[in-house]
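Enquirer: So you can see what is in the structure, the chains are spelled out below.
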Amino acid sequence: MKNKLLVATRKGLIVFQRDAVSKWKVIGAHFNGIPVSMVYEDPRDGNWWVSLDHGHWGIKLHKSNDKGKTWEEVEAPKYPEGTLVKEGVDATLRYIWAFAAPSSDGSNSLLIGTEPGGLFRLNIQTSESKLNQSLWNHPSRTDQWFGGGRDYPGIHSIVLDPRNDQHMYVGISVAGVFETQDGGNSWMPKNKGLKAEFLPNPDAEIGHDPHILLASSKQPDYMWQQNHCGIYRTENGGDQWIDVSDRDGEAYFGFALAMDDEYPERAWVAPAQSDEIRVPIDQKLCICRTEDGGKNWNTLNSGLPQSYAYDIIYRHCLINQQDELFFGTTTGNLFYSSDGGDHWEALHQFLPMVYCLTWAD
Amino acid sequence: MPKVSFTKALKRFYPTLENKIYIKGDNISEILDGIEEKHPGIKDYIVEENGQLRKHVNIFCGEDPIDDRITLSDMVGEEDEVFIIQALSGG
Chain A
401 MKNKLLVATR
411 KGLIVFQRDA
421 VSKWKVIGAH
431 FNGIPVSMVY
441 EDPRDGNWWV
451 SLDHGHWGIK
461 LHKSNDKGKT
471 WEEVEAPKYP
481 EGTLVKEGVD
491 ATLRYIWAFA
501 APSSDGSNSL
511 LIGTEPGGLF
521 RLNIQTSESK
531 LNQSLWNHPS
541 RTDQWFGGGR
551 DYPGIHSIVL
561 DPRNDQHMYV
571 GISVAGVFET
581 QDGGNSWMPK
591 NKGLKAEFLP
601 NPDAEIGHDP
611 HILLASSKQP
621 DYMWQQNHCG
631 IYRTENGGDQ
641 WIDVSDRDGE
651 AYFGFALAMD
661 DEYPERAWVA
671 PAQSDEIRVP
681 IDQKLCICRT
691 EDGGKNWNTL
701 NSGLPQSYAY
711 DIIYRHCLIN
721 QQDELFFGTT
731 TGNLFYSSDG
741 GDHWEALHQF
751 LPMVYCLTWA
761 D
Chain B
3 MPKVSFTKAL
13 KRFYPTLENK
23 IYIKGDNISE
33 ILDGIEEKHP
43 GIKDYIVEEN
53 GQLRKHVNIF
63 CGEDPIDDRI
73 TLSDMVGEED
83 EVFIIQALSG
93 G
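Sequence order for the protein chains is A and B.
When you line the first sequence up against this note's numbering, it's residues 401 to 761, in that order.
When you line the second sequence up against this note's numbering, it's residues 3 to 93, in that order.
Hints in this document: simulated from the structure, not taken from any laboratory.
Once the Cα atoms are required to be at most 30 Å apart in a straight line, the calculated DSSO-like pairs of lysine-lysine come out as:
id	chain 1	residue 1	chain 2	residue 2
1	A	Lys530	A	Lys486
2	B	Lys45	A	Lys411
3	B	Lys57	A	Lys478
4	A	Lys411	B	Lys57
5	B	Lys45	A	Lys469
6	A	Lys402	A	Lys618
7	A	Lys695	A	Lys684
8	B	Lys40	A	Lys478
9	A	Lys463	A	Lys478
10	A	Lys402	A	Lys463
Construct the complete structure from the given sequences, taking the supplied hints into account.
Expert: In structure tokens, the structure reads:
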């Protein structure tokens with residue numbers, strides 16, 4: 401079990417740690433006043449990575465190899481000169497939205513997902529980033545990818561297959577899920593079964609909006625996504641997605657999703673009322689859990705505010721390790737459960753807007 | 003030689019940055035290259051990777067904002083003072 405929690409917020413990075421009596425306490429804050437869009441602990445070497453979203457000075461990348469005692473700036477990815485998002489629009493780094501560490505290359509590289517839709521491989525030794533040209537030049541990109549919530553498409557999920565990290569998936573808002581089996585030399589859409597109800601053709605191959613994409617490291621073909629148009633899972637690596645939303649209940653619209661790595665049919669989502677009304681359903685905050693791959697969903701609200709709640713849980717803000725869960729909200733609440741979500745306690749209620757949570761050692 | 007003044011906001015990231023420095027250059031682009039030589043990496047805080055001035059950064063030559071935010075071609079005289087400041091935006 402990991403004993404630290406890294407909380408990326410609109411006003412900096414906040415570090416929580418479990419103490420000797422199993423209470424979570426704030427032990428530090430970094431980058432005060434600066435929006436931290438993503439935070440990540442590299443599982444290979446324990447280094448911490450953050451992306452900063454300076455309002456004035458652009459997107460920056462920082463690394464700590466001593467658990468936050470010191471930080472060094474690493475050159476952020478740059479789109480190659482002449483790269484265009486579309487005709488007349490230069491591609492420039494707008495946002496960093498995902499990190500992933502390939503296990504097969506030591507600690508040499510880091511994958512970085514960005515807006516406006518580029519996947520980069522950062523060479524950690526040289527600090528040089530290389531745009532994945534095959535995905536960028538996918539024939540669908542200019543006409544069938546678009547922004548959702550942000551101006552341009554963004555890669556928010558990078559899922560590496562632990563059996564072979566030449567095999568990976570990316571989740572793109574808005575384009576869908578793409579898979580490569582050859583280390584990024586070629587990419588195929590994997591959106592069969594998804595509905596894009598905001599498109600003239602909801603069954604289009606491309607143009608879907610997966611809000612978050614996760615896979616089990618124990619059963620990598622078992623994947624989940626909270627989509628703009630429901631909750632989906634697949635047991636065959638995305639060959640066929642199955643809608644497991646509870647359209648008559650709570651578990652339908654939302655952004656975040658967590659899954660049990662050992663028992664992938666077990667998952668949690670953080671519902672919001674609807675696309676049009678982005679507040680908790682009836683302003684009562686809840687988490688929904690399934691134990692059976694989405695056939696049934698239980699609403700969990702013990703300890704959560706049940707009136708006039710306005711919290712939305714962004715896509716990287718609900719995480720679990722076994723039965724321990726955290727979620728952080730747009731209104732600065734941080735909730736914790738030690739029993740799979742049956743009971744919740746507010747660990748902090750005065751944080752800035754929360755953008756990302758991650759466990760750390 | 004043109005004199006360059008910086009917002010104190012940049013000193014957070016470049017603590018050795020002086021409030022005013024003298025940089026050789028005939029236009030804004032050359033001035034920024036000169037600043038980059040003294041403080042590697044700082045140019046990325048001021049311009050995007052395509053070389054355009056960042057949306058929420060302003061450069062003044064004397065009391066006038068520069069005209070060319072794309073290629074930074076505004077001419078700078080020997081006696082001019084250049085100001086690099088952030089726009090008043092955010093929350």
